[in-house]
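> Please assemble the complex out of the two chains, which come individually in their own frames, going by the hints.
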Amino acid sequence: MTEETYQKPSVREIQELLEKKFSGKVRVTGTEERRVCANVDRDCIHDVCAYIHGSLTFEHATSVMGNDMIDHMEVIYHLSNYFNGVIVELTAELPADDLRIWSVADIWAGANWHERETYELFGIIFDGHPKLKRLLTPDTYEFYPFRKSYKLRGKE
Amino acid sequence: MMSKDVADIKSEASPIDTDKMWVIMGPQHPFSHGLWTLKAQLDGEIVTDAEPIIGYLHRGWEKECENRTYPKIIPMADRLCYAASMTYTHLYCMTVEKALGIDVPDKAKYMRIMADEVCRIQSHLMWLAAVGTDLGNLTVFLWAMREREFFMDINVRLCGARMTTNFPRIGGVRNDVDEEFMMYAARCVDRFEKAVWDIISLIDDSSTFVSRMRGTGYLTREACANLGITGPAMRGTGVDFDIRRDDPYDNYDKVDFDVPVLKDGDSYARYMVRIEELFQSCKIIKQTLQKIKAIGKNAPYRFKVPSKVPAGRAFTRLEDPRGESAMYLVSDGTDKPYRLKVRSPIFVNVSASKPLVQGSRIADVPVIMAMIDMCLGETDR
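First to last, the sequence lines map onto chains A and B.
Going letter by letter, the first sequence gives residues 46 to 201 in the working numbering.
Going letter by letter, the second sequence gives residues 2 to 382 in the working numbering.
The following block holds chain B by itself, in its conformation from the complex (with noise of 0.2 angstroms):
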């Protein structure tokens, strides 16, 4: 009923003859999550034209990496995107390795997708405290950032840190997991797989926020894919494709998990699939955990690699929280890459800002903006 209404308004021509005005948000707006501008035209409450501005966080990532050491990077990689970290430098190392031609320890590979998993975990969260504050449910955002917490603290236990994790190396992982680990891990998936139930029954089970979101932002699978839209984001408009299924790395053909796609094009499709995506990712932590133990204690979780990269050109790609991120290498035979690029997801989905808010009303903008997940520093980079 709700995309019907939006629908008439496109159509419906204003009926008081009155000047378009643009209207600057950001770069420092309760809306914008992180720094970035949306330039909106308005034409009374409708937005007809907008124009997104990034490159406040530019820092010039791609060209100081030519200047460092391959194992430099990993730590620098970390810092691409806080919420989800692990993901950057795992795909960082799975490029460098398969420039080197070598293959991980199965060990390495499981705790690496268990690590992204529960970074796709921490990132969700960070995603739905951000939704409650742009939608004024202050109280999704206290329980998200507190459920998030005890995915921190998996963080600390595997490698003592919370956000900046530093874990995964060229050849495997930089320390094996213990005991107490695999017993904390399990028992906060099996605490969370319920406590998640409390947040989603405060936005499901209220018709204000669903109503918000439901039926704006609306995109067709076609043009979906066409502006490039990747992750939760692609997947909400009917795009059937998970680099985690359908283009396979490390072990994730190895384990068994469904990837979740909603026809519905919409703001509450995008929400949805996110919160399946949350069951999944607990669904996988909990099978790798099991995967570890069965490979045991005294296997090897690390290989020696050497500090020099033959030269030529790698190209991988990874299932980011946020969509399709990817890294090509071209190495010249030393020890620092000659050229290191990054594909980060959100610079090409917040691209596609104006068809994303044309046509809505200006109330419903942070609501279709949060779907898209914005994180600046990988857009920037």
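Isolated chain A, as found in the complex (with noise of 0.2 angstroms):
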């Protein structure tokens, strides 16, 4: 069964779309003109990209990042659509003794650095991702340096 694919979804179509294909995984948290901030639960975020690579036409992964809430990891995903300007940000909150999460480089080949990027900075796994080595900071480094716990000089 092939999916009906949008080319232009509108903000109010994307928030009804995701809601609907994956209720209850899913969850849009804020929405305003030409941006779609959502909520994921983190097993099922390769489907919901390939879902929004795939039929709702966001060619382009403008950024993937992490960030330290210290009790939590965030991964914050940030796609686009070259047709409408729209941006969909999604949010996937991983635990702090398990930080893992699949690789979404296999569906934008453009992800692939920013995953490595936040793999060196934060300590994040990305299952399935082609090349996890380091890429900014030199490969002897054995911490995280963006991590909340690694202090900067004149903060220890």
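Warning: the hint list may mix true and false statements.
Once the Cα atoms are required to be at most 27 angstroms apart in a straight line, the calculated BS3-like pairs of lysine-lysine come out as [to be verified]:
(1) B:Lys21 with A:Lys176
(2) A:Lys178 with A:Lys196
(3) A:Lys176 with B:Lys40
(4) A:Lys53 with B:Lys64
(5) B:Lys264 with A:Lys53
(6) B:Lys355 with A:Lys178
(7) A:Lys196 with B:Lys355
(8) A:Lys193 with B:Lys99
(9) A:Lys176 with B:Lys99
(10) B:Lys64 with A:Lys196
(11) B:Lys337 with A:Lys196
Quick caveat, the hints were computed from the structure, so don't treat them as lab data.
Quick caveat, the model's predicted, so the values are computed rather than measured.
Set out below in structure tokens:
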């Protein structure tokens, strides 16, 4: 069964489609003009991204970033549609003792380095990533410098 | 015709059985503008594999910001990219303003987009100079740098600095413009629109340089979108998208300009898109100068803003001279950001260097990578 594709989904359409297709797993937290923000369960992040890429025609992954909230970590995705300028912001929460999430580098090749960067700076492991190695920092680093537990000089 | 040649080379197996060789280009290499390395695997003269290596300039910019109050980050944002410093400062100020939920005066919006376009011209001229040296045309380098100097003077008259301008502020801009500046800027843009033809004709009228660009670094529209390439490199590959037009910020929806898009997808198309953007930037600067004049002398150009940003999140993006740059701010109610993420266009563009150079001759690699317009300050952050 082929799914219907939307080339220019409006903000309202995106909200309805995501909540209908992934009921309970995707919670839209807010919408603005050309912006949709949603929380996603980390187990279904790959399915949600594949749907957004394939059926909603979001061809471009603007950024993938990590965020250390001390009691848990977040991976935040910004996905962009080239036909109407809409950005979908997905937030997946990871428990502090299990920092793993599925990679989306096979959906958007542009997410590859974003994930590598998030891995080396936060220690979040992206399962299924083609080459999860350090990119900006030296290979000998054994710590993750962007975590809140890593204090800057003068702040120890 | 050239593109057919390249296609033939790609399919052709090497007639002589030779070992493949890794060539390390960089970090100090004439073709790498800035410190980065391209490892290229060669089969004869054809590049079969490539791997970019970055990180020589990683300063931990995002982490440093967590240690500073909001206004103190403005001069740091200048240092992200020296060729287009104003765009990053502008982006940072927009992000904080969005988190604060405030609007800036109309005059400041026009001044910011004027400054952005001046930076775009500076950056494109810097790129043109680099292309000149990469192609072996030193006259282009000298002439482009000479033209750039006039736009540096606009910066000096605007805010007193040539490169690290420190001009936009959270809530507006640092200072107003005077009559003399308006006159000088208008004259400079008028002059430039004529003078740039000299530089273009140096490249375009010479089949040597055109044939080196035509047909090299070919990508399809889908591959380009999927690889995350943005900016002029993307618009030269047929993706019709410009944040200034399709997701407008500040007052870009109130000025009239065109977005050049070419479907060829080779280095020459990327070159042409950037050249056309120079003229469009001139068009925008002229309009903004008129609008600033129409708003009048005594109109406000800066609002006072609170030093503490309420807890929340803000995402903004902006069309940098090199592509799509974005910032994401997580604030926790104090006077320092909790997390500030910078999305740099070149960080992603350079990650696509393997599909760009694969299958081309080693001699074409500098030309292909020149069309990405490297800037390491923003790539490594």
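> Confirm or reject each hint.
Tested hints:
1. B:Lys21 with A:Lys176: holds (22 angstroms)
2. A:Lys178 with A:Lys196: holds (23 angstroms)
3. A:Lys176 with B:Lys40: holds (16 angstroms)
4. A:Lys53 with B:Lys64: Roughly 37 angstroms between the alpha carbons, so the hint for lysine 53 (chain A) and lysine 64 (chain B) is violated.
5. B:Lys264 with A:Lys53: Holds, at roughly 21 angstroms.
6. B:Lys355 with A:Lys178: Given that 27 angstroms is the threshold and the Cα spacing comes to 17 angstroms, the pair holds.
7. A:Lys196 with B:Lys355: Measuring from Cα to Cα gives roughly 36 angstroms; hence the hint is violated.
8. A:Lys193 with B:Lys99: holds (25 angstroms)
9. A:Lys176 with B:Lys99: Not satisfied, since the Cα-Cα distance of roughly 36 angstroms exceeds 27 angstroms.
10. B:Lys64 with A:Lys196: holds (9 angstroms)
11. B:Lys337 with A:Lys196: Holds: lysine 337 (chain B) and lysine 196 (chain A) sit about 15 angstroms apart, inside 27 angstroms.
Of the numbered hints given earlier, the model fails hints 4, 7 and 9; all others are met.
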